[in-house]
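Below, each chain spelled out in residue letters.
Protein chains: 2
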Amino acid sequence: MAFPVLYVIILLIMKTCFEVIYMTNEPADLTERTLSREDKFNGRFLHVHVDEVELPNGKHSQREVADHIAGVAILALDQENRVLTVTQYRYVFSKTLLEIPAGKLEPGENPAAGALRELKEETGAVPDEFLPMGRILPAPGCYGEVLYLFLARGLHMEDAQPDEDEFLILERIPFDEMVHRIMSGEIEDSKTIAAVLKAKLLLNL
Amino acid sequence: MAFPVLYVIILLIMKTCFEVIYMTNEPADLTERTLSREDKFNGRFLHVHVDEVELPNGKHSQREVADHIAGVAILALDQENRVLTVTQYRYVFSKTLLEIPAGKLEPGENPAAGALRELKEETGAVPDEFLPMGRILPAPGCYGEVLYLFLARGLHMEDAQPDEDEFLILERIPFDEMVHRIMSGEIEDSKTIAAVLKAKLLLNL
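Each protein sequence line maps, in turn, to chains L and U.
Heads up: the first sequence at position 116 corresponds to 116 in the numbering used here, and the numbers run straight through without jumps.
Heads up: the second sequence at position 73 corresponds to 278 in the numbering used here, and the numbers run straight through without jumps.
Misleading hints may appear alongside valid ones.
With a straight-line cut-off of 27 Å between C-alpha atoms, the simulated DSS-like cross-links for lysine-lysine are [as the list claims (entries may be wrong)]:
(1) L:Lys200 <-> L:Lys104
(2) L:Lys104 <-> U:Lys300
(3) L:Lys120 <-> L:Lys200
(4) U:Lys264 <-> L:Lys95
(5) U:Lys309 <-> U:Lys405
(6) U:Lys264 <-> L:Lys120
(7) U:Lys325 <-> L:Lys200
(8) L:Lys104 <-> U:Lys264
(9) L:Lys104 <-> L:Lys40
(10) U:Lys309 <-> L:Lys40
(11) L:Lys120 <-> L:Lys104
(12) U:Lys300 <-> U:Lys264
(13) U:Lys325 <-> L:Lys59
(14) L:Lys40 <-> L:Lys59
(15) U:Lys264 <-> L:Lys59
(16) U:Lys309 <-> L:Lys95
(17) U:Lys325 <-> U:Lys405
(18) U:Lys245 <-> L:Lys95
(19) U:Lys325 <-> U:Lys245
(20) L:Lys59 <-> U:Lys309
Examples of chain L residues toward chain U, derived with CB under 8 Å [said to hold, decoys possible]:
(21) Ala28
(22) Leu46
(23) Leu55
(24) Phe130
(25) Leu137
(26) Met183
(27) Glu188
(28) Ala194
Rather than coming from a laboratory, the hints here were simulated on the basis of the structure.
For every residue, glycine included, the Cβ atom is placed at its ideal position computed from N, Cα and C.
Pulled out of the complex, with its shape left as it was, chain L reads as follows (with noise of 0.2 Å):
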């Protein structure tokens, strides 16, 4: 009967062990899951839904996300190490800004196609050189966009086609002036920032 017995006791014991070492070495998981659902708007960009969730301590709470297209973003260098830039109204904050060439994936689009796609569209720029530099999520708490950067070199120029209603002032600026004009705070724009200062890094520039 003592060996039954004691066998049992060093099982929970071995057993309480390796929960406990388990545990350790699991990370938490502090997924929420989905209750339910509801669509707020649907436009020809956002999409905003808001959704009842379950949190890891199982309380509810709400999380609002405004969904948007896929976008790709590409730094494109001269022969020069000048940066193609664009300057355009953004009208969410009523004023000029100087970003990278970037646009929307079209539906099933590859990036690396979308990329190339866009920045000869808006710049007339074809590259012998591209390359992928990850990707970015611009504001991941509320807002559903990934941004997925190239940089581009060895450039050859043909026609710009771009959009119809599309307003872009195109220039080239050296890349030096580009990281200064982040270090100084002038250069805003989440895409231009991280790929600059990516390709800084890649290319020892």
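Chain U: place on chain L using the hints.
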């Protein structure tokens, strides 16, 4: 008779020349004027409206705007140049993200005060040194959020007071490793990328 005619012709030629010079020196006015606004959604954090606008060419178009309360993000470095990070579940992307501490400003709150408050609440850190590192506009095409970046050093650790229902995993990650994780594409959060890479240049790390 001949003199006044010549005079008028010369004046007309001069006027034309001046207009051309004036036009090429003047930046093009790319302003889009609001014609009407329709509110689509008013949530706790998100406010969505669709505006009818007049473009620079006189045509009409629509702008979809998701406005969001302004926020702050803090790159806090300890004495060994480790970055205080928070990992949290980002419902919009159904996964956890590694980010620097950040949060929304309260109504009327000064950005620096809000940043000190958020840093203390999320991590318990109170800095001796606190510097602004500019603003970022995460997604200026459709999303109205502005984020103020700060650099914090000389940290004293007190008690963290995360919001109820805020589940955060705190870590301290060496600065070089943060840069590596950004360059490898592992870190995708735009404010974390901008703050780390700006600080790298600013502090020559």
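Each hint, compared with the structure:
1. With a C-alpha separation of about 25 Å, the suggested pairing of Lys200 (chain L) with Lys104 (chain L) holds against the 27 Å cut-off.
2. As the CA atoms of Lys104 (chain L) and Lys300 (chain U) are separated by approximately 23 Å, the hinted pair is consistent with the 27 Å bound.
3. For the suggested pair Lys120 (chain L) and Lys200 (chain L), the alpha carbons sit about 23 Å apart, so the restraint of at most 27 Å is met.
4. At roughly 19 Å between alpha-carbon atoms, Lys264 (chain U) and Lys95 (chain L) fall within 27 Å of each other, so this suggested pair holds.
5. Proximity of Lys309 (chain U) to Lys405 (chain U) is assessed by CA-CA distance (about 25 Å); at most 27 Å being required, the pair is judged to hold.
6. Using a Cα cut-off of 27 Å, the hinted pair Lys264 (chain U) and Lys120 (chain L) holds, with the two alpha carbons roughly 25 Å apart.
7. Using a Cα cut-off of 27 Å, the hinted pair Lys325 (chain U) and Lys200 (chain L) is violated, with the two alpha carbons roughly 33 Å apart.
8. Our distance criterion of 27 Å between C-alpha atoms is met by Lys104 (chain L) and Lys264 (chain U), whose separation comes to about 22 Å.
9. Of the supplied pair hints, the one linking Lys104 (chain L) and Lys40 (chain L) holds, its CA atoms being roughly 22 Å apart against a limit of 27 Å.
10. Restraint check: the Cα-Cα separation between Lys309 (chain U) and Lys40 (chain L) comes to about 22 Å, which is no more than 27 Å; the hinted pair holds.
11. Between Lys120 (chain L) and Lys104 (chain L) the alpha-carbon distance is near 14 Å, which keeps this suggested pair within the 27 Å criterion.
12. Between Lys300 (chain U) and Lys264 (chain U) the CA atoms are separated by roughly 42 Å; this puts the pair beyond 27 Å, and the hint is violated.
13. Restraint check for Lys325 (chain U) and Lys59 (chain L): the C-alpha separation of about 25 Å stays at or below 27 Å, so the hint holds.
14. With a C-alpha separation of about 23 Å, the suggested pairing of Lys40 (chain L) with Lys59 (chain L) holds against the 27 Å cut-off.
15. For the hint linking Lys264 (chain U) to Lys59 (chain L), the alpha-carbon distance of about 50 Å lies beyond 27 Å, and the restraint is violated.
16. About 23 Å separates the Cα atoms of Lys309 (chain U) and Lys95 (chain L), which keeps this hinted pair within 27 Å; it holds.
17. With a C-alpha separation of about 23 Å, the suggested pair Lys325 (chain U) and Lys405 (chain U) falls inside the 27 Å cut-off, and the hint holds.
18. As the CA atoms of Lys245 (chain U) and Lys95 (chain L) are separated by approximately 23 Å, the hinted pair is consistent with the 27 Å bound.
19. Annotation: proposed proximity of Lys325 (chain U) to Lys245 (chain U) is violated, straight-line Cα distance about 36 Å (limit 27 Å).
20. For the hint pairing Lys59 (chain L) with Lys309 (chain U), the CA-to-CA distance comes to about 22 Å; that is within 27 Å, so the pair holds.
21. Interface hint status for Ala28 (chain L): upheld, as the beta-carbon distance to the closest one in chain U is roughly 6 Å, under 8 Å.
22. A cut of 8 Å between beta carbons decides the hint on Leu46 (chain L): the least distance to chain U is about 5 Å, and the hint holds.
23. Look at Leu55 (chain L): its Cβ gets to within about 6 Å of chain U, closer than 8 Å, so that hint holds up.
24. Checking Phe130 (chain L) against chain U: minimum C-beta separation of about 16 Å lies over 8 Å; hint violated.
25. Below 8 Å, beta-carbon pairs count as interface contacts, and Leu137 (chain L) has one with chain U at about 5 Å; its hint therefore holds.
26. With its C-beta approaching chain U no nearer than about 6 Å, Met183 (chain L) sits inside the 8 Å limit, and its interface hint holds.
27. This hint holds: Glu188 (chain L) has a C-beta 5 Å from the nearest C-beta of chain U, less than the 8 Å allowed.
28. Hint on Ala194 (chain L) holds. Least Cβ distance to chain U is approximately 5 Å, under the 8 Å limit.
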